[in-house]
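Asks: Line order of the protein sequences matches chains A and B.
The first sequence begins at 1302 in the working numbering and counts up by one.
The second sequence begins at 4 in the working numbering and counts up by one.
Worth flagging that the hints you see were computed from the coordinates, not collected in a lab.
Errors might be hidden in some of the hints.
Claimed, not checked - Some chain A residues close to chain B (C-beta under 8 Å, calculated; not the full set):
#1 His1467
#2 Pro1665
#3 Thr1667
#4 Asp1677
#5 His1714
#6 Met1716
#7 Leu1719
#8 Thr1740
Unchecked claim - Label pairs and their calculated CB-CB ranges:
#9 Pro1530(A) with Glu118(B): 21 to 27 Å
#10 Thr1487(A) with Pro73(B): 45 to 51 Å
#11 Asp124(B) with Gly1632(A): 49 to 55 Å
#12 Ala1373(A) with Asp112(B): 36 to 42 Å
#13 Thr1731(A) with Glu118(B): 33 to 39 Å
#14 Glu118(B) with Asp1771(A): 25 to 31 Å
#15 Thr1532(A) with Ala72(B): 47 to 53 Å
This one's a predicted model, so the numbers in the text were calculated from it and none came from an experiment.
By construction, the Cβ of each residue, glycine as well, lies at the ideal position given by its N, Cα and C atoms.
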Amino acid sequence: MRTTEKTIAALLLSALATLCGGALALADGAPAGGDVHVAQTLGDRELTVVLRRVDAVPGPLRVDVITHEGSAPGELRLRVARPGGGGGPEAVVALGATPGPHHGTLRVDTAGPQELAVDDGERVALIPFVVPVAVMSPAEGLTYRGFVAAGLLLLVALGTAVTARHGWVVLLPAGGFVAALAVAVTAALLSASTPAPPRPGEDVDATEDAVRDPYSVQRPSTSDLSRPPVTLLLRAGSTGDALDLELSLTDGASGRPVDDLLVHDDALMHLVVVTPSGGLRHVHPVRVSPGEYRARLRAPEPGHHAVSAEISRRGGGVQLLRSPTGFDVPGTPVDPSSPPAAGARDVNGTPVDVAVTGARAGEPTTITARVGTTADLQPWLGMVGHLIVVGPLPDGEPVGDAAQRAPVWAHAHAMVPLTPGATGGPPDETVAAYGPVVTFTHTFPLPGRYRVWVQNQRDYALVTTPVLLDVGAGEGGTP
Amino acid sequence: MTRRWMRAAPVAALLVAVVVAAAVVLFARPGSGSAPAALEAATSRHGVRLVVDAARAGTTGVDVEVSGAPDVDEVRIEPAMPHMGHALPPIPAQRTGDGRYRAAEVPLDMAGQWELTVVVDDARGAERVVFPLLISG
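All chains should be built: construct the whole structure from the sequences, respecting the hints.
Replies: In structure tokens:
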């Protein structure tokens, strides 16, 4: 009898060990989240700030700052803090004269919404991001608990079988064992098809509670997570040979500042400015406070500038905000330059050959650009190429004024080819292996004369190729 | 002992059969992805039947059968991924027989929801039919 008791004690101890093991298994899991790439036009520099994934909290946050051609050397101070939390530990990133990645490491203490402050000494850009935690779905939890309970009940059944005087007593733990096993197996089978909770920071606001337990977030009564449109207010202030743009985003319904922009195509906001002479500026304003964004344009031209901003609100889709005012720079406008139509040309030392097929309204038009001679393009904003379309534009008018009234502003992409079996997310800017041929397909809704710009990155420099494109009337005439 | 085993054998066989049948019912899924996907739609002048060789990510052949008004000049396929805002250049389909066309290489490289627009061009103009198509990974 004493031996039996010892056996049972040993069995119970091993069961306890299993339970502890189970509890440990609860704590780990696949790391959540991925890298965040954010393009920032901070002062005179065009930077890409890459926040690497945080694997453990508290733990290190590695930040890569990628500089581009023409970026002045200097220092950036990085801080990470909770929104409104003020200063945290600092890291200094020394930017060299050579364009490329520069590294800094910060420390993150808690999961939840955070802000990365990027300070160039003159202005502080605040990049909101979320430090996620690995969470287990209720079905997964049930699976673990079911198997642990089944294991315990099996031991109890064995113990009862050895010690009990009546055989039927064994049926109680044995039945419990079968029930627990059934629960565990059912939960395991169903866990794969359990709907994921709304993603904090993407679908719903990233509060501390929502990040720690996304399953606790009450889904809205409707499946529509979208939010009201945004009003873009624009002010331009001159600072010597540069122009500081102040952008305010307010909610189209409540009028309050909009502070829920997602990082979309590797930026919080893509600001496209068409200059009076027909130039294109594609910059990424920095967030300085909720709803307030700033960008600096170098070498502004006198005359009227047309402006649009592409943004994406949390829970909603992408919106293109066209400023109804644009902005004016005092002075006499220069005559607009007319870019070449399709064909070969040289853009700041890069040979570019553009071919166009189709070019009829209502039909897909394919624009193919051969940029450089070898496959050495780098992804810019997550894409191999960007195509920006503005038109139709009347002749003999400053382009900024014409673009202000142009019915069509469009933005198409040439995507990074998928690598089968690749893990760890899309390649970043340091991978110079794409092109040289980039293809865009866009259906022009109206016939007329368009200005299009093909944008690619090569040797950490942005190659912007302007093309004049005449789109003919479609088969069915003008719609 | 042998007699007892003889009696138990059919019961055991029955049990095994039930378990196998249950497993088949539980885990068997209707095949998807690799089998050709056939879709049909009609415009005011033509009936269009679209057969995608393999609705999986990768380059696939697409057959188009056009019925109705004869004298079709050209059939093109315009693939697009609406969710990504991404369109591919139109792909002309070669005539392979009476009312039959084939585009041998349609690069549907990404898994997800696609839209294949079939353009049927004849003397009276172009007609477009949109086929939603789910491409598995």
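Asks: Between the beta carbons of Glu118(B) and Asp1771(A), is the distance compatible with 25 to 31 Å?
Replies: holds, 28 Å
Asks: Should the hint that His1467(A) touches chain B count as held when the rule is a Cβ pair under 8 Å?
Replies: violated, 26 Å
Asks: Once the shortest beta carbon distance from Thr1740(A) to chain B is found, is it less than 8 Å?
Replies: Given a least distance of 6 Å, the restraint on Thr1740(A) holds.
Asks: Given Leu1719(A) was flagged as interface, is its beta-carbon under 8 Å from a beta-carbon of chain B?
Replies: holds, 6 Å
Asks: Is the hinted range of 47 to 53 Å satisfied by the C-beta distance from Thr1532(A) to Ala72(B)?
Replies: holds, 50 Å
Asks: Is the shortest C-beta separation between Pro1665(A) and chain B less than 8 Å?
Replies: holds, 5 Å
Asks: With a cut-off of 8 Å on the beta carbons, see whether Thr1667(A) makes it to chain B.
Replies: holds, 4 Å
Asks: Using the C-beta atoms of Asp124(B) and Gly1632(A), is the stated range 49 to 55 Å upheld?
Replies: holds, 52 Å
Asks: If you check the beta carbons of Thr1487(A) and Pro73(B), does the distance land in 45 to 51 Å?
Replies: violated, 58 Å
Asks: Okay, Thr1731(A) versus Glu118(B) on CB: inside 33 to 39 Å?
Replies: holds, 34 Å
Asks: Can the hint on Met1716(A) be confirmed by a CB-to-CB distance to chain B that is less than 8 Å?
Replies: With a closest approach of 6 Å, the Met1716(A) hint holds.
Asks: Taking the Cβ atom of Pro1530(A) and the Cβ atom of Glu118(B), is their distance within the range 21 to 27 Å?
Replies: holds, 26 Å
Checked against the numbered hints above, the structure breaks hints 1, 4 and 10 and satisfies the rest.
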